[in-house]
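First to last, the protein sequences are chains B and R. Using UniProt numbering, you'd call the opening residue of the first sequence number 1 and step up by one each time. Using UniProt numbering, you'd call the opening residue of the second sequence number 1 and step up by one each time.
Calculated from the structure, these hints are not laboratory results. We put the beta carbon where it would ideally sit given N, CA and C, even for glycine. There could be a bad hint or two in this list.
Claimed, not checked - Some chain B residues close to chain R (C-beta under 10 Å, calculated; not the full set): (1) 66; (2) 110; (3) 160; (4) 202; (5) 204.
To be verified - Sample of chain R residues with no beta-carbon within 10 Å of chain B, all distances over it, derived: (6) 47; (7) 48; (8) 73; (9) 212; (10) 235; (11) 281; (12) 298.
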Amino acid sequence: MLDFTNQGTPLLSLRDLSVRFRKGKGHVHAVNGVDLDLAPGETVGLLGESGSGKSITLRSIMRLLPDSAALGGKISFDGQDVTQLNRRGLRSLRGAGIGMVFQEPLVAMDQTFTVGDQIVEAIRAHETISRGEARKRALELLELVQIPSARRRLDSFPQELSGGMRQRVMIAVALAARPRLLLADEPTTALDVTVQIQILLLLREIQREFGMAMIFVTHDIGVAAQVSDRLAVMYGGRIVESGPAGQLLAAPEHPYAEGLISAARGHRDGAGRLMGIPGRPPRLEQAPQGCSFAPRCPRAIGACAESLPELVATGRTDHAVACYVPTSRG
Amino acid sequence: MIRYALIRILSAIPILLGVSVVSFGLLFLQPGNPVEALLPLEASPQIAEMMKQQLGFDQPVWRQYLAWLQRTVQGDLGVSLYDGLPVAGQLGGALFNTMVLAIPAAVLAFVLGGALGLIAGYHRNTWIDRSASALAIVGVSLPQYWVAIVLVVLFSVTVNWLPASGMASPDGIPRSFSDLSNMVMPVLALMLVPMGVVARVVRASVQDILSQDFIAGLQAKGLARGRILRHVIRNAMSAALSVMGLQFGFLIGGSILIEVVFNWPGSGQLLNLAIFRRDIPVLQGTVVVVAGLFVLTNLAIDLAQAAIDPRMRR
């Protein structure tokens with residue numbers, strides 16, 4: 001088993017995580033054997049395109065999947081096996097152990113409750129304190145996430161705030177019970193670029209202050225590079241490469257990661273055309289037999305379609321790749 | 001919110017005026033001249049002319065309308081052509097009697113319907129959902145008068161537990177258990193439809209709410225199920241309130257069928273008698289007051305919705 005963390009026991013560890021959805025008569029294999037370790041205080045950027053399974057991976061850590069989902073593998077958080085938790089255990093895991101920031105704060109918040117009430121109930125779900133006391137704390141949280149005239153905003157409804165403000169409120173809600181791990185599901189995707197940067201800086205700052213670990217899901221390499229200590233690139237419901245952020249971005253070893261990074265940098269081919277990755281994302285109706293990227297891969301060999309490459313250490317520090325023909329092999 | 005309330009209240013005024021025009025227009029729906037309908041066939045033209053002047057029918061229609069509107073607004077609904085008693089008094093008594101049935105029927109229907117809908121919505125596509133939904137469909141589908149008659153056959157004729165008809169105390173207010181027993185069957189018959197309608201709307205609305213992402217957001221905060229239920233109820237409330245308002249409006253009008261079957265002297269019964277007696281002032285008065293109450297009920301519902309759900313305050 002690979003251990004990516006050098007700081008002893010990981011806070012979170014996923015082993016062979018798989019998620020399958022019933023769909024009609026068949027299944028959708030959304031996540032297919034994800035291994036991931038996260039040290040306390042560490043930030044991992046989970047990078048991938050739509051449908052690569054990154055959001056589902058994130059939601060399964062909090063067991064927030066719909067009933068049609070079947071969860072396999074092991075999730076342990078702080079020594080607890082999350083897949084075995086009963087209702088009470090789950091309730092204290094959610095919020096107090098792990099906080100979550102959603103992509104669309106407006107959709108993820110109840111628009112019939114004020115911002116203050118939503119933070120207050122998040123606090124009081126885990127602590128027995130009075131409403132007044134909780135409201136004071138809610139105000140502090142709004143100030144922490146740098147909301148101007150916070151006191152007035154306590155009585156606003158989410159839909160009365162701007163997109164950036166809403167996301168700040170969402171972060172305040174996630175922090176309400178002082179979690180040790182923050183899951184951020186594309187928290188800046190729905191925002192303007194300037195607001196994006198503010199939110200990223202805020203997350204980074206708060207994370208340092210609280211000593212929280214964070215998993216940051218995004219499809220935007222630039223965003224991932226700004227916040228992450230380590231990156232994990234997902235494709236077809238698997239992690240295909242993982243390593244320290246700078247190292248992975250400078251020299252990716254998986255052909256998909258390489259394609260993704262050069263596409264994001266706007267690299268051009270010999271004829272001056274923007275380079276993309278030809279082909280389409282994999283269909284997930286069947287569990288993958290070989291590497292899901294093989295049909296689109298310029299380096300694929302026979303073995304790629306036959307058996308699934310495991311995520312193995314490459315020799316560089318903390319770096320692992322799931323590929324039979326990584327680019328480092330020339 | 002205050003601004004919204006003011007706008008909403010002001011916008012009820014043209015609706016109420018529309019209601020008054022239609023109620024006033026009822027007078028002209030009957031064939032011929034209202035005076036001819038009142039007088040025996042052999043009455044002389046002079047008498048007819050005199051009566052026309054007395055009742056104001058020689059004036060232009062708009063003037064008749066304004067005069068009628070002015071009296072109506074002041075609470076003077078004229079006198080009955082049948083017994084010469086003031087319409088306002090008769091109607092007041094009848095409306096009160098109707099409320100004696102309508103309020104308990106509405107409370108029962110909304111509580112039971114809401115609970116059924118909530119349970120069905122939470123247990124989507126299970127046997128619980130199917131049985132609750134079946135009950136709701138039965139409620140809206142059975143004809144009220146048939147239910148009423150079946151109830152009478154069962155509880156009065158067969159087992160003789162409940163009185164077949166009538167109102168026990170003369171003022172309609174139940175004071176004893178036996179007074180209450182007169183209300184049981186009419187209330188039961190009245191509540192079935194609103195219960196079914198509310199249950200169906202609440203079920204659909206709860207299912208929709210549970211599939212929304214903010215539920216995951218609430219779970220992610222580690223809220224207890226009871227706390228999440230509060231959010232679900234609050235969100236389902238506004239859809240539920242709008243059907244409740246309509247249903248309560250129908251109940252205020254009094255069900256002619258139920259009040260006739262149980263011989264209950266309410267507004268439905270009064271309307272029924274007025275139609276048979278061609279008692280135009282009673283008919284007009286009942287229609288305008290009941291329609292006005294209907295508009296006011298829905299205004300109250302709109303305001304309640306806006307208070308619960310800020311998205312309604314457009």
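### Query
Taking C-beta pairs only, is residue 235 of chain R more than 10 Å away from all of chain B?
The claim breaks: residue 235 of chain R does not keep its Cβ more than 10 Å from every Cβ of chain B (closest is about 6 Å).
### Message
Given a cut of 10 Å on the nearest C-beta pair, is the interface hint for residue 110 of chain B held or broken against chain R?
### Response
5 Å, holds
### Interface hint outcome for residue 202 of chain B [beta carbon to chain R under 10 Å]
Hint violated; residue 202 of chain B Cβ to chain R Cβ min 19 Å, cut 10 Å.
### Query
Does residue 281 of chain R sit more than 10 Å from chain B, CB to CB?
Residue 281 of chain R clear of chain B: closest Cβ-Cβ about 47 Å, beyond 10 Å.
### Message
Tell me if the interface restraint on residue 66 of chain B is satisfied: Cβ within less than 10 Å of some Cβ in chain R.
### Response
9 Å, holds
#### Entry: Non-interface claim for residue 47 of chain R versus chain B (Cβ beyond 10 Å)
Given a closest Cβ separation of 66 Å, the condition holds.
#### Entry: Assertion that residue 212 of chain R lies outside the chain B interface [Cβ separation over 10 Å]
7 Å, violated
### Message
Tell me if the interface restraint on residue 204 of chain B is satisfied: Cβ within less than 10 Å of some Cβ in chain R.
### Response
Since chain R brings no Cβ nearer than about 21 Å to residue 204 of chain B, farther than 10 Å, the hint is violated.
### Query
Do the numbers back the hint for residue 160 of chain B, that is, is its least Cβ distance to chain R under 10 Å?
8 Å, holds
### Query
Is the Cβ of residue 48 of chain R more than 10 Å away from each Cβ in chain B?
63 Å, holds
### Message
Verify this label for me: residue 73 of chain R is non-interface relative to chain B, using a Cβ-Cβ cutoff of 10 Å.
### Response
38 Å, holds
### Reported absence of residue 298 of chain R from the contact zone with chain B (all CB gaps over 10 Å)
21 Å, holds
Violation of the numbered hints given earlier is confined to hints 4, 5, 9, 10; the remaining hints are satisfied by the structure.
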